[in-house]
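Asker: Here's the letter readout for the chains.
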Amino acid sequence: MLEIILKQLLNGITVGSIYSLIALGYTMVYGIIKLINFAHGDIYMVGAFVGLIVATQFSSNFIVVIAIAMATTAIIGVLVEKVAYKPVRNSSRISALISAIGASIFISNLVVLINGPQREAYPQIFPEINFNVGGITISFLQIFIILVSIALMFGLYYIVHNTKMGIAMRAVSQNLTTARLMGINSDKIISFTFAIGSSLAAAAGVLVGTYYRAVDPLMGLLFGLKAFVAAVLGGIGSIPGAMIGGLVLGLAEVMGVAFISPSFRDAIAFGILIFILIVKPSGLFGKATKEKV
Amino acid sequence: MDSILNYLFNDYIVQVATITGINIIMVLGLNLITGVTGQLSLGHAAFMSIGAYSSSMISIKLGAPFIVSLIAGTGFGALFGALLGIPILRLRGDYLAIATLGFGEIVRVVILNTPALGGALGVYGIPPSTNLGITAFFVVFAIFFMYRLEKSRHGLAIRSIREDEIAAEMMGVNISRYKVLSFTIGSAFAGLGGALYAHFLSYINPIDFGFMKSIEQLCMLVLGGMGSISGAVFGSIVLSTIPEVLRFASEYRMVTYGIVLILMMVFRPQGLFGKIKVNV
Numbered sequence: 001m002l003e004i005i006l007k008q009l010l011n012g013i014t015v016g017s018i019y020s021l022i023a024l025g026y027t028m029v030y031g032i033i034k035l036i037n038f039a040h041g042d043i044y045m046v047g048a049f050v051g052l053i054v055a056t057q058f059s060s061n062f063i064v065v066i067a068i069a070m071a072t073t074a075i076i077g078v079l080v081e082k083v084a085y086k087p088v089r090n091s092s093r094i095s096a097l098i099s100a101i102g103a104s105i106f107i108s109n110l111v112v113l114i115n116g117p118q119r120e121a122y123p124q125i126f127p128e129i130n131f132n133v134g135g136i137t138i139s140f141l142q143i144f145i146i147l148v149s150i151a152l153m154f155g156l157y158y159i160v161h162n163t164k165m166g167i168a169m170r171a172v173s174q175n176l177t178t179a180r181l182m183g184i185n186s187d188k189i190i191s192f193t194f195a196i197g198s199s200l201a202a203a204a205g206v207l208v209g210t211y212y213r214a215v216d217p218l219m220g221l222l223f224g225l226k227a228f229v230a231a232v233l234g235g236i237g238s239i240p241g242a243m244i245g246g247l248v249l250g251l252a253e254v255m256g257v258a259f260i261s262p263s264f265r266d267a268i269a270f271g272i273l274i275f276i277l278i279v280k281p282s283g284l285f286g287k288a289t290k291e292k293v
Numbered sequence: 294m295d296s297i298l299n300y301l302f303n304d305y306i307v308q309v310a311t312i313t314g315i316n317i318i319m320v321l322g323l324n325l326i327t328g329v330t331g332q333l334s335l336g337h338a339a340f341m342s343i344g345a346y347s348s349s350m351i352s353i354k355l356g357a358p359f360i361v362s363l364i365a366g367t368g369f370g371a372l373f374g375a376l377l378g379i380p381i382l383r384l385r386g387d388y389l390a391i392a393t394l395g396f397g398e399i400v401r402v403v404i405l406n407t408p409a410l411g412g413a414l415g416v417y418g419i420p421p422s423t424n425l426g427i428t429a430f431f432v433v434f435a436i437f438f439m440y441r442l443e444k445s446r447h448g449l450a451i452r453s454i455r456e457d458e459i460a461a462e463m464m465g466v467n468i469s470r471y472k473v474l475s476f477t478i479g480s481a482f483a484g485l486g487g488a489l490y491a492h493f494l495s496y497i498n499p500i501d502f503g504f505m506k507s508i509e510q511l512c513m514l515v516l517g518g519m520g521s522i523s524g525a526v527f528g529s530i531v532l533s534t535i536p537e538v539l540r541f542a543s544e545y546r547m548v549t550y551g552i553v554l555i556l557m558m559v560f561r562p563q564g565l566f567g568k569i570k571v572n573v
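Quick note, the sequences are listed as chains A and B, same order.
The first sequence runs 1 to 293 under our numbering.
The second sequence runs 294 to 573 under our numbering.
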């Protein structure tokens with residue numbers, strides 16, 4: 001029994017750290033322009049597909065694959081922001097949200113058009129090594145995924161707290177107008193935020209591809225929405241919140257599948273979402289804000 | 294009535310017209326929630342599926358007459374709308390959108406995993422009682438109902454919520470009550486649409502009521518114009534018939550929906566028919 005629990009714990013942390021990577025993108029964008037970046041899940045899917053193309057056509061070196069996927073997807077993320085979000089930034093909230101949904105539908109179905117709706121096998125870009133610790137088989141890949149996620153999150157933490165760009169990002173998220181008055185080019189900062197969030201999502205896409213060994217054009221919608229749930233769970237706008245929220249969601253989902261029923265897997269995340277929204281809408285780490293008149 | 298219509302049009306046209314009518318009814322419900330009250334719902338198809346499944350079960354298992362099934366489908370849509378609306382309508386716009394989306398997914402997963410509701414196989418052998426005449430009657434009813442509602446005192450209160458929630462509250466409008474009311478009525482129309490749909494095709498499957506269905510309905514509303522009855526009707530007609538004409542290009546359909554949503558929001562957020570600027 002203990003073995004099963006430990007094994008599931010590891011599975012949960014692995015999936016959870018991937019959720020965290022995607023949730024960071026949602027939370028950063030929401031922190032700055034107060035918009036649910038609906039297309040973020042599809043950006044993650046595009047990242048996985050770019051990784052697939054690189055791995056099958058050019059090089060199966062893991063670092064090359066993940067670096068090219070992150071760079072390409074960062075550009076796509078900025079493009080989406082320029083085309084679908086920037087023109088509606090001053091419109092009503094509902095317009096911006098519908099435009100974001102449009103971007104999401106467009107990206108996923110464009111990939112369906114190009115690739116076809118079928119599932120694609122992901123090449124093995126990471127050697128399969130298993131080792132035994134006290135009777136539990138641990139796959140090295142899982143440890144590696146967790147380590148890569150932690151490294152990327154530390155990288156993000158460094159950027160946000162120790163670079164000029166990061167300080168500007170935090171200023172814009174506190175108050176866009178005031179930040180602009182202080183001479184910060186807010187358009188540039190918003191694009192930068194999209195670039196960082198999208199590259200983290202691409203990294204998550206490549207990690208998911210290597211972990212599950214399959215990708216499909218519609219995988220972004222559900223996985224992305226669950227990552228959004230993780231961001232809400234941690235408190236949207238809060239970077240540590242997104243990390244913790246992802247882990248909690250990953251663990252809850254894996255435990256739910258193992259001990260309740262596998263067929264309700266997708267309902268667990270949304271059940272948590274509705275529960276959190278009713279009980280504590282500001283999430284675990286978020287600050288409750290009152291709307292000012 | 295029906296035989297005359299069948300004489301005038303062939304079966305194919307009658308089928309497309311009926312589906313269009315059913316879409317109009319559901320989009321009018323969505324218009325009340327999203328267009329008039331300003332609460333973005335991304336789970337409208339869930340209420341459609343609740344109406345479709347409850348009415349089909351009552352028709353098949355209890356052998357109830359058609360009108361009873363329709364009332365039951367509408368009632369279950371309204372019931373679930375109220376049950377979901379009461380807790381989540383306290384949430385602000387974008388959270389609400391995600392919560393309704395989550396609810397839609399939960400409904401789909403639950404139906405998919407409930408053998409009594411047919412599971413992934415769907416429900417067969419629903420009596421095909423819906424025809425063009427009945428659908429047309431309910432379309433006229435829905436338009437009349439929505440028109441009267443908007444012009445009434447309650448309609449004024451609901452519209453004030455969309456324009457400015459805080460100001461409306463200061464003026465003494467009971468915001469949560471009116472939000473739940475509009476959400477319940479909107480869901481009831483989705484339930485009615487679902488019941489008509491199930492009794493028209495006589496086969497339903499959880500796949501038909503997924504997130505993409507909700508998006509399709511939202512797209513119809515956005516194209517015509519949020520908050521406008523004529524816009525909701527026009528948008529439903531356009532997006533129900535154009536895919537039929539352009540069947541050879543059906544794989545481009547969803548991509549086009551995405552482009553339509555972005556372009557409409559960037560260049561004409563009020564839709565083709567909307568007059569007032571929606572401000573949330």
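No wet-lab data here; the hints were simulated from the structure.
Keep in mind that this is a model prediction, so the values were computed, not measured.
Among the hints, erroneous ones may be present.
[What the hints assert, rightly or not] Not the full set, but computed from the structure, chain B residues with beta-carbon under 10 Å of chain A:
#, residue
1, A390
2, M519
3, R540
4, L565
5, F566
Every residue, glycine too, gets a C-beta built ideally from N, C-alpha and C.
Asker: Should the interface hint for B/M519 be scored as holding, given a Cβ-Cβ cut-off of 10 Å against chain A?
Answerer: holds (8 Å)
Asker: Minimum Cβ distance from B/F566 to chain A below 10 Å?
Answerer: violated (16 Å)
Asker: Per the CB criterion, is B/R540 less than 10 Å away from chain A?
Answerer: violated (16 Å)
Asker: With 10 Å as the cut and Cβ atoms as the points, is B/L565 at the interface with chain A?
Answerer: violated (15 Å)
Asker: Holds or violated: is the Cβ of B/A390 closer than 10 Å to a Cβ in chain A?
Answerer: holds (6 Å)
Hint violations for this structure: numbers 3, 4 and 5, all remaining hints satisfied.
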